[in-house]
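Student: Go ahead and model the full structure; you've got the sequences and the hints to work with.
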Amino acid sequence: MAYTTENNQSGLMAKAVKEGIFAGLIAFGMFLLFVGIETYQDINNQLVWRTRWGLLAVFVAVAAIGRFVTVGFIKPHLDSRKLAKAKSGVLEISDEKGFFRTHFLKIALVFLLCYPFLAMLIFGRQGSLKYVDNFGIQILIYVMLAWGLNIVVGLAGLLDLGYVAFYAVGAYSYALLSAHFGFSFWLLLPMAGILAGLWGIILGFPVLRLRGDYLAIVTLAFGEIIRLVLINWTDVTRGTFGISGIEKATFFGIWSFDAGAPNNFAKVWGLPTSSVYYKMFLFYIILALCMLTAYVTIRLRRMPIGRAWEALREDEIACRSLGINTVTTKLTAFATGAMFGGFAGSFFAARQGFVSPESFVFLESAVILAIVVLGGMGSLTGIAIAAVVMVGGTELLREMEFLKHVFGPDFTPELYRMLLFGLAMIIVMLFKPRGFVGTREPTAFLKERKAVSGSFTKEGHG
Amino acid sequence: MTTGTTTMTKDSILKVERLSMKFGGLMAINDLSFEAKRGEITALIGPNGAGKTTVFNCITGFYKPTMGMITLSRDNGKEFLLERLRDFEINKVAGVSRTFQNIRLFSGLTVLENLLVAQHNVLMKASGFTILGLLGLPTYKNAAKAAIEKAQYWLEMADLVDRADDPAGDLSYGAQRRLEIARAMCTGPELLCLDEPAAGLNPKESLTLNTLLRAIRDQGTSLLLIEHDMSVVMEISDHVVVLEYGQKISDGTPDHVKNDPKVIAAYLGVEDDEVEEIEEKLDKGIIEEGTV
Ligand SMILES: Nc1ncnc2c1ncn2[C@@H]1O[C@H](COP(=O)(O)OP(=O)(O)O)[C@@H](O)[C@H]1O
Ligand SMILES: [Mg+2]
Numbered sequence: 000m001a002y003t004t005e006n007n008q009s010g011l012m013a014k015a016v017k018e019g020i021f022a023g024l025i026a027f028g029m030f031l032l033f034v035g036i037e038t039y040q041d042i043n044n045q046l047v048w049r050t051r052w053g054l055l056a057v058f059v060a061v062a063a064i065g066r067f068v069t070v071g072f073i074k075p076h077l078d079s080r081k082l083a084k085a086k087s088g089v090l091e092i093s094d095e096k097g098f099f100r101t102h103f104l105k106i107a108l109v110f111l112l113c114y115p116f117l118a119m120l121i122f123g124r125q126g127s128l129k130y131v132d133n134f135g136i137q138i139l140i141y142v143m144l145a146w147g148l149n150i151v152v153g154l155a156g157l158l159d160l161g162y163v164a165f166y167a168v169g170a171y172s173y174a175l176l177s178a179h180f181g182f183s184f185w186l187l188l189p190m191a192g193i194l195a196g197l198w199g200i201i202l203g204f205p206v207l208r209l210r211g212d213y214l215a216i217v218t219l220a221f222g223e224i225i226r227l228v229l230i231n232w233t234d235v236t237r238g239t240f241g242i243s244g245i246e247k248a249t250f251f252g253i254w255s256f257d258a259g260a261p262n263n264f265a266k267v268w269g270l271p272t273s274s275v276y277y278k279m280f281l282f283y284i285i286l287a288l289c290m291l292t293a294y295v296t297i298r299l300r301r302m303p304i305g306r307a308w309e310a311l312r313e314d315e316i317a318c319r320s321l322g323i324n325t326v327t328t329k330l331t332a333f334a335t336g337a338m339f340g341g342f343a344g345s346f347f348a349a350r351q352g353f354v355s356p357e358s359f360v361f362l363e364s365a366v367i368l369a370i371v372v373l374g375g376m377g378s379l380t381g382i383a384i385a386a387v388v389m390v391g392g393t394e395l396l397r398e399m400e401f402l403k404h405v406f407g408p409d410f411t412p413e414l415y416r417m418l419l420f421g422l423a424m425i426i427v428m429l430f431k432p433r434g435f436v437g438t439r440e441p442t443a444f445l446k447e448r449k450a451v452s453g454s455f456t457k458e459g460h461g
Numbered sequence: 000m001t002t003g004t005t006t007m008t009k010d011s012i013l014k015v016e017r018l019s020m021k022f023g024g025l026m027a028i029n030d031l032s033f034e035a036k037r038g039e040i041t042a043l044i045g046p047n048g049a050g051k052t053t054v055f056n057c058i059t060g061f062y063k064p065t066m067g068m069i070t071l072s073r074d075n076g077k078e079f080l081l082e083r084l085r086d087f088e089i090n091k092v093a094g095v096s097r098t099f100q101n102i103r104l105f106s107g108l109t110v111l112e113n114l115l116v117a118q119h120n121v122l123m124k125a126s127g128f129t130i131l132g133l134l135g136l137p138t139y140k141n142a143a144k145a146a147i148e149k150a151q152y153w154l155e156m157a158d159l160v161d162r163a164d165d166p167a168g169d170l171s172y173g174a175q176r177r178l179e180i181a182r183a184m185c186t187g188p189e190l191l192c193l194d195e196p197a198a199g200l201n202p203k204e205s206l207t208l209n210t211l212l213r214a215i216r217d218q219g220t221s222l223l224l225i226e227h228d229m230s231v232v233m234e235i236s237d238h239v240v241v242l243e244y245g246q247k248i249s250d251g252t253p254d255h256v257k258n259d260p261k262v263i264a265a266y267l268g269v270e271d272d273e274v275e276e277i278e279e280k281l282d283k284g285i286i287e288e289g290t291v
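Chain order of the listed sequences is A and B.
Residues 0 to 461 in numbering that gives the first Met the number 0 are what the first sequence spells out, letter by letter.
Residues 0 to 291 in numbering that gives the first Met the number 0 are what the second sequence spells out, letter by letter.
What the hints contain is simulated information worked out from the structure, not anything from laboratory work.
Idealized CB from N, CA, C, for every residue including glycine.
Hints are supplied without guarantee of correctness; some may be wrong.
Residues from chain B that keep clear of chain A, each with C-beta distances beyond 10 Å, as calculated [claimed, not checked]:
#1 L25
#2 G76
#3 A264
Okay, derived cross-link-like pairs now, DSS-like style, lysine-lysine, Cα gap no bigger than 27 Å in a straight line [what the hints assert, rightly or not]:
#4 A:K449 / B:K144
#5 B:K140 / A:K446
#6 B:K149 / A:K446
#7 B:K144 / A:K446
#8 B:K149 / A:K449
#9 A:K457 / B:K203
#10 A:K84 / A:K14
#11 B:K140 / A:K449
Tutor: Dropping the structure here:
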């Protein structure tokens, strides 16, 4: 017995070494030209190349050692654990959840409400700026956008690759209407949402007859068209220069956050001047907007329209046989999603004080969609977690100065965020193909509410 | 076989006149006319590829017929030309609902949710097209409660109460068939069209299905049924229409159709010797009810 395990052990090690070397060789072949050789322009603007053997060696080593460790240690460990579990008869799925999991939402909400103050306590007034703005607000904007897109993609099953267009409509509505008519934030916020929703209907009407890949391609094109209009309609939008000096949001008109205004928030309350109050205020606005999005989504799911959206995702033909007008149903999903995109856009404009077409590129649509898919289509909690991981992860990358010591001073980690996104996507899809939260909460029940396993739900064809 | 001149008799709910459907060069339905009577179970039978599903798709608006007229008269006397309605209006306005040969359930929704989706139009109205419902007005709450009660009624009829909170995709084949029928009934139709409801059912499930269909008829809903299983057809239908290659070859009571040599030939017409055998038996009178 002992002999065989020993034999197994050495056989395993040999296998791990072999696979490690193999992985290293493949990595070498793959990265030789990508990483090993770099082209750049010299002073005379000529394209020349140089080698980066060190970096190549790092890549190859990571691949080889990673494979070695996986095959030699991680996989046997996991296998033996699974075996032990199967032997002891404990099912992998256990109904008992810890305190943290059952009260997760409440804990998360309380944490979010305290977050700006916590940040201020720990990092001081100026130090907290980064945490409230770059992490807090940035993540919450994406949470809101992803929740908005979730209505279109996750519930109605319509693959929309141009969602950022509505974000742009909201942002430019705010910027232009505030510049030309001097409307306040609180008036423009709903207006931007409504305008984006109207755009959703106008764009949706011709588009929603298409299904599947065709719909995806046309929505992608619409997203690009809106951006190109913003770039080229210079009389109105000032083209690539963008619109700057956008009015800040006010505390319902009572206090202003402009440094010069007599009713400046900090002055009125006798606080030291700092931009952190405005950021904290914005944090709570976007938090409230997110809560609104979640509330409306949850309510709508229990209404006939929300059920029709999900039914549409499951089977469009069956919907029509039941007397559901699929065109208007799709349009409402598209418009509702667009409206939340518009809200987020107007908030974005107020926060940045500056909008330009550069903020509304296809990549943004892709990131938002990636968050929805990673989180688990239809699941608000999963999507919020995915947004924290992805957007927070991107921001964290910026902080990782130490990587410069490894990869050299020219290394800018945030440029690799798409690599990280892709990697995370592959890993999550491998282990949780339905996203972080793959189950679906039923909207009505007779005796008990049982979550529907992700293996039954469909992704939709449109 | 020109019945185009016949007027709509008072008790017929559906009248198909000179219906033709062409797919490219293929005449899937060729000049078909028949009627379905109110309160009856009408069966549409015929060998594979005869065009039965195509007839259904024309009636329920999924295909636009190349030619012909499909008239539906509701209990209140209103008449609708189905080929002119949009697909979803055929259910919403004309009160025709259907099931599919390859079951189309909302598999990721629970059984109960499936039945609630079917009541979409009623609930939409009650919720003031979502707006009043979002505000939580009592009209919607009452309507939602009534919808659950209706769903519960059909769950009991279809013997699915125990599975109400399970995903529809998790049901057995027979239960899925029954759920699809229950879902179609939740739209409150006057004519229910079933495309091979007994396909793939075991004898016991087939029996419960028969009971369910009879119960539906006795409530006043007329049925139009495509069926392969002759025992189901002969046992429950009041009227049988037989199709072959898109044309009607026989029309009448089950007994009449069963003894029509044309039908027997068409139905078992795959092998010639088999037909001869049947005809021989028929002559000798040894064919029993339900064996064809
Ligand atoms: N959408 C379609 N396009 C082309 N041919 C079709 C289509 N639907 C049905 N058909 C053809 O019409 C004929 C009748 O089919 P169908 O109505 O499904 O037969 P049944 O339901 O009686 O078995 C078949 O030959 C079939 O191939
Ligand atoms: Mg068929």
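Student: Each hint needs a verdict: does it hold in this structure or not?
Tutor: Right, here's what the structure says about each hint:
For B:L25, the shortest C-beta to C-beta distance to chain A comes to about 22 Å, beyond the 10 Å cut-off, and the non-interface label holds. Residue-level check passed: B:G76 sits 21 Å from the nearest beta carbon of chain A, beyond 10 Å. For B:A264, the shortest C-beta to C-beta distance to chain A comes to about 34 Å, beyond the 10 Å cut-off, and the non-interface label holds. For the given pair, A:K449 sits about 20 Å from B:K144 by alpha-carbon distance, which is consistent with the 27 Å threshold.
A C-alpha spacing of about 19 Å is found between B:K140 and A:K446, which places the hinted pair at or below 27 Å, so the restraint holds. At roughly 16 Å between alpha-carbon atoms, B:K149 and A:K446 fall within 27 Å of each other, so this suggested pair holds. This hinted pair checks out: B:K144 and A:K446 have alpha carbons roughly 14 Å apart, not beyond 27 Å. Under the criterion of a C-alpha separation no larger than 27 Å, the hint pairing B:K149 with A:K449 is consistent with the structure, at around 21 Å.
Under the criterion of a C-alpha separation no larger than 27 Å, the hint pairing A:K457 with B:K203 is inconsistent with the structure, at around 31 Å. Under the criterion of a C-alpha separation no larger than 27 Å, the hint pairing A:K84 with A:K14 is consistent with the structure, at around 26 Å. Distance restraint check for B:K140 and A:K449: the Cα-Cα separation of roughly 22 Å lies within the 27 Å cut-off, and the hinted pair is therefore satisfied.
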